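Asker: Given next are the chains, with one letter for each unit.
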Amino acid sequence: MTNKLSLEEELETYFGYSTFRLGQKEIISDVLNGNDVLGILPTGTGKSICYQLPARMLEGTTIVVSPLISLMMDQVKELKAMNFKEVIALNSFLDYDKRKRIFKNLNQYKLIYVSPEMLQQKELQFYLKNISISLFVIDEAHCISQWGHEFRPDYQKLKSVINELGDPPVLALSATATKEVQDDIIHSLDRSIIRHIYPMDRSNISLSIQEVINNDEKLDIITSILSVHKVPSLIYFSSKNAAENVSHLLSERLPEHRIAFYHGGMEQMDRVAIQQQFMNNQIDIICCTSAFGMGINKNNIRFVFHYHFPGQIESYIQEIGRAGRDGNQSISILLYSRQDSFLPQKMIDSELPSDDDLIRVKQLIIRYQNENKIFPVELTEIQAMFGLSEVQWRFISSQLEKHGIKVENGIKYDESKVDETFQQIKYLRDERLYLKQSKLKDMMNWIQLKTCLRSGLYTNFQSGYTSVEEFCCSNCGIDLREFKPKQTTPLIQPSTWEKKLRRLLVVGDFE
Amino acid sequence: MYVEGIILDCLYKIKINRSIYGIYHLLTGKKSIQSVHDARIFQLEKYYGVYLTLTREHFMHIIDDMVKDGALTEGDDELYFVTDAGKNRLAVFQSTTIYKYLNGLSFSAMERHFRDRLYLLVQTYSNILVNNYSFIPVIDSQEITKWVKDFYRRHYQSNTPDRLYLELHQLLSSLPKKEADIFVDRLSGYQYYGLSMDQLALKYKLSKDDITIYLTGITHELIKLVGQQKEIYPILSQLMKGFEQQKFITNTANQTYQLLQRQFSLEMIGQIRNLKLNTIYDHIVEIALYDSNFQIDYYVTKQEQEEIIDAIQKNNTFKLKTIKESCDSSISYFQIRLVLARLKELMPGEIS
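So the sequence lines, in the order shown, correspond to chains A and B. All residue numbers for the first sequence refer to this note's numbering, where the first residue is 1 and numbers rise by one. All residue numbers for the second sequence refer to this note's numbering, where the first residue is 512 and numbers rise by one.
Pulled out of the complex, with its shape left as it was, chain A reads as follows:
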């Protein structure tokens, strides 16, 4: 009993929440008892608390492996804002001197975020071995699995890293992992792991799919819905340009709404500005790419539109999961036109190397070996040289490395093995391609479903789901006229620059 009390008190002290959300407490208790845990928690239920609280409570250091640098940076920023200062994100952007300094003082951090690639560095491993590691966290653990939607080869090397670091307790977390992927994670880590699996269906989010003729009709539908409802909303796009364009068009059609766009191509300061304006109720609608949303903790998003649908159900579940975190009724609307199906296909093609790409890389490698030339150090230069995207190059280079071909600091390889290696890479590429295509197919099949969308969406992830009476899905029937969310009242902005400046810097002057 005392233990129970103190855990909640700790939560209150460090994070200001008075109660745990579903699953958090069970996972944290097991972690604090030194068990290995696999936690599957639906998006938006506070996965990160599951290691951030233990990190504050445990002696020693917690290490978090996370696949996205931007995500790590956001988390560090947020934690620092909450006065948790002993946190750091290690990434390759740090210059040499600074990195060295940080490496030598790793023990002063309670929480260290690190990318899986960086963790492979022998130098970092050396310094990590010298500090006391109390918990090893694998965020987005589905990246371990070849069957996951975001397979990252470096995740498969985590098992040996964990061994190197003296086998600290492991916490693997994910929001979207099918049973197959869960087994794969446990198998890959080769540990006896306690599973905490929580259902990912969100009964307060109704699922609607509307087939349209073309993009104009999508715009009409969005306009007509949002003209009735002034509520925080997201509209997802598959390209930066489309997000920008529709944002402008919608602003013209809905002059009373406050609309902005967000994508990864924007300057850092502008990205923070848009995210925080949304948090602060300065804007209502964001037209965005999948870059938006991670680390966003807005709990009253009422609509999530998909102007373009994502290439896999996992991404879709993640994106609609940003709606209704306060538990109130929210609606996701996927707008689908027949022409859209080529978009995810195009994305898949850009993520994996084509046959031509492979031949080109092979020839260049052979030539560089023969001429004894050295590849550029900068990642971007290597990519440009091969004419590949970052994802494509990451795929090839990790495979080369696996087959003993090192590209950095001059190429070294056994010539007789090159053909075979590239043959292997091609097989693997085909396998990935097949997987991605079958995921796309799953997504498209779900879109075409004639029966309950809710039942269809979660079948691969869990055995059942909470059934919903009203507002279930467009196939069961939703009446949007019955949807009466609380409307946002726009903040009144001061009219002149003098008044705006006063609001910022003169106390009690908020008008």
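Rather than coming from a laboratory, the hints here were simulated on the basis of the structure. Mixed in with the good hints, there may be bad ones.
Think about it this way: if two alpha-carbon atoms lie no more than 30 Å apart in a straight line, the pair counts; the simulated DSS-like pairs of lysine-lysine are [stated by the list, open to error]: (1) B/LYS719 with B/LYS611; (2) A/LYS77 with B/LYS611; (3) A/LYS499 with B/LYS719.
Quick caveat: nothing in here was measured; it's all calculated off a predicted structure.
The hints should help you fit chain B onto chain A, whose structure is shown.
Answerer: Chain B alone, transformed into the frame defined by chain A:
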């Protein structure tokens, strides 16, 4: 309109003396002696580094659009000429306040820091004012964060936000209303985040290029005003600290300069520094540009200077090769470049 005006002005003044990319390097503030040099001899100092984020691709896109609009005509070899319509557009641009404000060669290196420090300073004091000590900072740079922290340590007094307000109010009152509006709309504070560049562009009906130049121009003007009256801006003048010494000299040229002042010959300096003589020549030209007291007569006699100036006038060009061909073969490129560096003093009022 602003970015087009700037490019038209550059093309008009440079004529065919440089390739179109010389202008690109100028606008993006390329830290090469050539770009600084160009800014000086063509009297385009105000545009140096005014659009740091401009990509080459977008730059060419703007040029192509102006060709389509009839403001430019395209000749052979990527040479462009300003048409009468282009001259009219240029005149419109030259009548704006932004044109008058721009002062890139003096302020471009300081500008970004000035603005970033101010953004974070205002956001910080706005939050401190209501005792809120945790917020997501708009500026995500350790250097700027450290500067603001240091500043706060020295200015923890409770009246600091008020003083900051008064200084900003005083300063912005010297601008036309629209400019002050735009500048303040970008500021963030307690539970309020300023507009992004795209939002500003939309709100004030400017292109994204123009809002960039617009903010740059305003900032240059603010830096100038604060610099002129540091005594009435005790807080804001600190935003400029660390940049008062801004001179266009690279570290390596400065090392050469130090040795030169100890009376070493250029050859000796080359040996000491293990650098080629031509590199040392580059440094000397850079020093000549940066230090107006530096005497070039030692490297190029008065007589040689006259010969070079004659060649420039006769051929009406700043092209090094043409000048060289028109002079006695004993005159070197190094000497021509030194004369070009000092052209304004040697040929006052004659550069068009």
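Asker: Now tell me if each hint is right for this structure.
Answerer: Hint by hint, here is what the structure shows:
Of the pairs offered as hints, the one joining B/LYS719 and B/LYS611 holds, with about 20 Å between alpha carbons and a cut-off of 30 Å not exceeded. A C-alpha spacing of about 40 Å is found between A/LYS77 and B/LYS611, which places the hinted pair above 30 Å, so the restraint is violated. A C-alpha spacing of about 26 Å is found between A/LYS499 and B/LYS719, which places the hinted pair at or below 30 Å, so the restraint holds.
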